[in-house]
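Respectively, the protein sequence lines represent chains A and B.
Here the numbering used here is used: the first residue of the first sequence is 1, the next is one more, and so on.
Here the numbering used here is used: the first residue of the second sequence is 184, the next is one more, and so on.
What the hints contain is simulated information worked out from the structure, not anything from laboratory work.
Just so we're clear, the structure is a prediction, and the values are computed from it rather than from any experiment.
Ideal Cβ placement from N, Cα and C applies to all residues, glycine included.
Take these hints with a grain of salt, some might be off.
Here are some, though not all, of the chain A residues that point toward chain B, as calculated from beta-carbon distances under 8 Å [to be verified]:
{"#": "1", "residue": "I32"}
{"#": "2", "residue": "N36"}
{"#": "3", "residue": "S40"}
{"#": "4", "residue": "Q49"}
{"#": "5", "residue": "E50"}
{"#": "6", "residue": "L61"}
{"#": "7", "residue": "F81"}
{"#": "8", "residue": "Y83"}
{"#": "9", "residue": "Q118"}
{"#": "10", "residue": "M119"}
{"#": "11", "residue": "V123"}
{"#": "12", "residue": "S153"}
{"#": "13", "residue": "V154"}
Here are the computed lysine-lysine pairs in the DSS-like style, where the Cα-Cα straight-line distance is at most 30 Å [stated by the list, open to error]:
{"#": "14", "chain 1": "B", "residue 1": "K533", "chain 2": "A", "residue 2": "K16"}
{"#": "15", "chain 1": "B", "residue 1": "K253", "chain 2": "A", "residue 2": "K158"}
{"#": "16", "chain 1": "B", "residue 1": "K261", "chain 2": "A", "residue 2": "K13"}
{"#": "17", "chain 1": "A", "residue 1": "K131", "chain 2": "A", "residue 2": "K109"}
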Amino acid sequence: MKFSDVHIGMLSKGDKKAFLLLYDNYFVSLTIFVQNFGLSKDDSEDIVQETFCRLNQNYNLPENLNAFKSYLYTAVRNKCFNYIRDEKRRKSNETVFLDLQDDLLIFDKIVENELYRQMHLLVKEMPPQCKNIFQRVLNGDTSEKIANDLNLSVETVKTQRKKAKRILREKYSLVYRSLYTFL
Amino acid sequence: MKDYTPFEIAGLILAKRNNSITEKEERNLNEWGSRSEHNKLLYKRLLEESIDTDSVEKIFEGYDYDKYYKECCKKIDKSRRIKSIEILKWAALIAIPLTVFSLFYFRDNETEVYRAMADIHPGTSSAVLILSDGEKVTLGDKNAGDQIVKDNIKVESDTLKYENITTDKIAYNTIIIPRGGEYVLKLSDGTKIWLNAESELKYPVSFTGNERRVYLKGEAFFDVTKNEKSPFKVVSNDHVISVLGTEFSIRAYSDEKYITTTLESGKVSIDAGNRHAELLPGQQSNVSNSEMSVKDVNTQLYTAWHNNKYVFDNQSLREILHTLSRWYDMDVNFEKYDLGDLRFTGELMKYTNIVDFLEKLEALEKVRFNINGKNVLVTAY
Chain A
1 MKFSDVHIGM
11 LSKGDKKAFL
21 LLYDNYFVSL
31 TIFVQNFGLS
41 KDDSEDIVQE
51 TFCRLNQNYN
61 LPENLNAFKS
71 YLYTAVRNKC
81 FNYIRDEKRR
91 KSNETVFLDL
101 QDDLLIFDKI
111 VENELYRQMH
121 LLVKEMPPQC
131 KNIFQRVLNG
141 DTSEKIANDL
151 NLSVETVKTQ
161 RKKAKRILRE
171 KYSLVYRSLY
181 TFL
Chain B
184 MKDYTPFEIA
194 GLILAKRNNS
204 ITEKEERNLN
214 EWGSRSEHNK
224 LLYKRLLEES
234 IDTDSVEKIF
244 EGYDYDKYYK
254 ECCKKIDKSR
264 RIKSIEILKW
274 AALIAIPLTV
284 FSLFYFRDNE
294 TEVYRAMADI
304 HPGTSSAVLI
314 LSDGEKVTLG
324 DKNAGDQIVK
334 DNIKVESDTL
344 KYENITTDKI
354 AYNTIIIPRG
364 GEYVLKLSDG
374 TKIWLNAESE
384 LKYPVSFTGN
394 ERRVYLKGEA
404 FFDVTKNEKS
414 PFKVVSNDHV
424 ISVLGTEFSI
434 RAYSDEKYIT
444 TTLESGKVSI
454 DAGNRHAELL
464 PGQQSNVSNS
474 EMSVKDVNTQ
484 LYTAWHNNKY
494 VFDNQSLREI
504 LHTLSRWYDM
514 DVNFEKYDLG
524 DLRFTGELMK
534 YTNIVDFLEK
544 LEALEKVRFN
554 INGKNVLVTA
564 Y
């Protein structure tokens with residue numbers, strides 16, 4: 001299930017289900033985002049955790065999902081910044097410190113992170129065989145190569161590719177299209 | 184010129200990679216990509232460079248938010264407690280009975296069940312095939328790849344196929360699908376059959392004579408290859424469906440009162456004992472020991488399962504969970520019998536986590552699902 005606009009207000013009220021969705025959809029990808037700036041896995045997780053826990057009782061959250069995502073990324077970015085500054089790790093992390101102030105670079109990192117996050121959520125919900133093949137398609141493998149690698153017939157691979165495409169189309173119409181309507 | 188958020192750009196790039204982008208979206212993305220050298224570079228990198236999803240998945244696998252989620256829940260409880268203590272102080276000033284009430288009230292709030300204890304997973308492609316000589320073959324090990332079971336019987340992905348088989352003798356095979364399983368079968372005449380969890384089908388490896396007869400227990404969706412000279416018959420005890428070529432779904436579980444046949448296209452006729460009915464597309468028959476009825480239905484509700492979905496329309500919680508328990512291999516109990524009469528409408532993608540679905544139901548009605556291992560206890564909120 002996807003975290004959506006309606007869950008944002010529920011976070012403020014400390015609704016545990018909304019929090020479960022938030023963790024399921026965003027915790028890992030934000031942690032990976034933070035690790036981009038040279039922080040350890042543990043430190044990155046702590047930063048995201050602190051950000052998430054503060055959402056409880058916070059009644060000033062943006063109502064729109066994209067605005068809320070921006071808010072999350074900005075919050076972890078600021079925490080990263082403070083973390084490196086406070087811990088006097090600045091010298092060894094001079095480039096990271098500059099990276100964190102580079103809005104264009106951050107934009108790129110967020111796009112990349114979001115792309116992976118959305119791919120991961122899509123792949124997660126596919127039937128196992130379909131998933132296996134879909135991942136290889138995204139990696140640019142041809143049907144022949146996939147068939148060879150997985151010990152399947154080319155026909156099977158083509159059928160599964162169609163299946164994956166259909167699932168994707170359904171998902172798109174439900175989840176992501178809503179984002180584009182205002183473009 | 185519109186300012187795009189990184190989330191919008193990511194969505195557009197993903198849509199483009201999957202070829203599901205619309206013309207308008209593509210124009211927008213290209214326009215954005217041509218705005219600056221920087222945009223162009225990012226656009227090129229994410230679109231043209233091959234993205235290794237395997238390693239993306241591996242990275243994700245290395246993380247677990249569980250511990251952190253639990254910790255966060257504790258913090259939420261704590262903040263509630265502090266709040267309730269504050270209220271209690273005031274309540275104590277006003278009246279003691281009110282204090283007692285508040286205490287119970289807030290304590291109840293804290294007993295929300297955390298569901299990480301759930302050990303319920305969606306089903307997988309799995310089956311046992313019993314050959315005519317009694318030999319048993321386990322199907323559905325996804326590492327096995329394509330395999331040849333015997334002569335002209337082979338497995339391709341999640342489908343068992345019979346091809347070019349000619350024998351004079353009638354030899355029967357039986358395929359058994361366990362709870363939490365499913366399998367697809369393609370018979371020698373080209374007929375395709377989707378078998379749902381906890382089902383069993385007995386069929387000849389090749390069809391001879393003037394009819395094609397198979398025996399079913401449980402639930403299956405048939406896409407029967409047309410052959411006017413040889414009608415296809417599905418037999419469940421004394422319930423016989425006869426067709427020439429069509430698509431239909433049948434549900435004949437021995438622990439359910441009715442045998443339900445839902446026709447998607449073509450024409451079928453049904454005989455049960457001395458009763459007879461014919462179905463037109465969009466119609467459904469329900470047959471029990473003593474009665475037979477035909478009605479118009481939304482066929483989606485009864486056939487969606489073979490397309491990766493379960494769809495429910497104003498069905499009782501008892502029916503819904505009974506259906507899902509076969510696929511998720513879980514045991515369901517109701518604390519009070521009445522709870523099973525609550526009605527719900529909704530759909531569930533078959534390969535997703537059941538907990539998300541149950542939580543949606545919780546949000547709609549005053550029920551709670553307490554999950555422990557494979558057991559689900561339904562209680563009132």
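Evaluated hints:
1. I32: With a minimum Cβ separation of about 6 Å from chain B (threshold 8 Å), the hint on I32/A holds.
2. N36: Nearest chain B Cβ about 12 Å off; hint violated.
3. S40: It is violated, given that the least Cβ distance between S40/A and chain B is near 13 Å, above 8 Å.
4. Q49: OK, holds: Q49/A within 8 Å of chain B, min 5 Å.
5. E50: violated (10 Å)
6. L61: violated (15 Å)
7. F81: violated (18 Å)
8. Y83: violated (17 Å)
9. Q118: This hint holds: Q118/A lies near chain B, its Cβ roughly 5 Å from the closest one there, short of 8 Å.
10. M119: It holds, given that the least Cβ distance between M119/A and chain B is near 6 Å, below 8 Å.
11. V123: Holds, about 7 Å.
12. S153: holds (6 Å)
13. V154: Interface hint status for V154/A: violated (10 Å vs cutoff 8 Å).
14. K533/B with K16/A: Holds - the C-alpha atoms of K16/A and K533/B are around 25 Å apart, at most 30 Å.
15. K253/B with K158/A: Answer violated: K253/B to K158/A is near 43 Å, above 30 Å.
16. K261/B with K13/A: holds (13 Å)
17. K131/A with K109/A: Holds. K131/A to K109/A sits at ~26 Å (cutoff 30 Å).
Violated hints, in rising order: 2, 3, 5, 6, 7, 8, 13, 15; the structure is consistent with all others.
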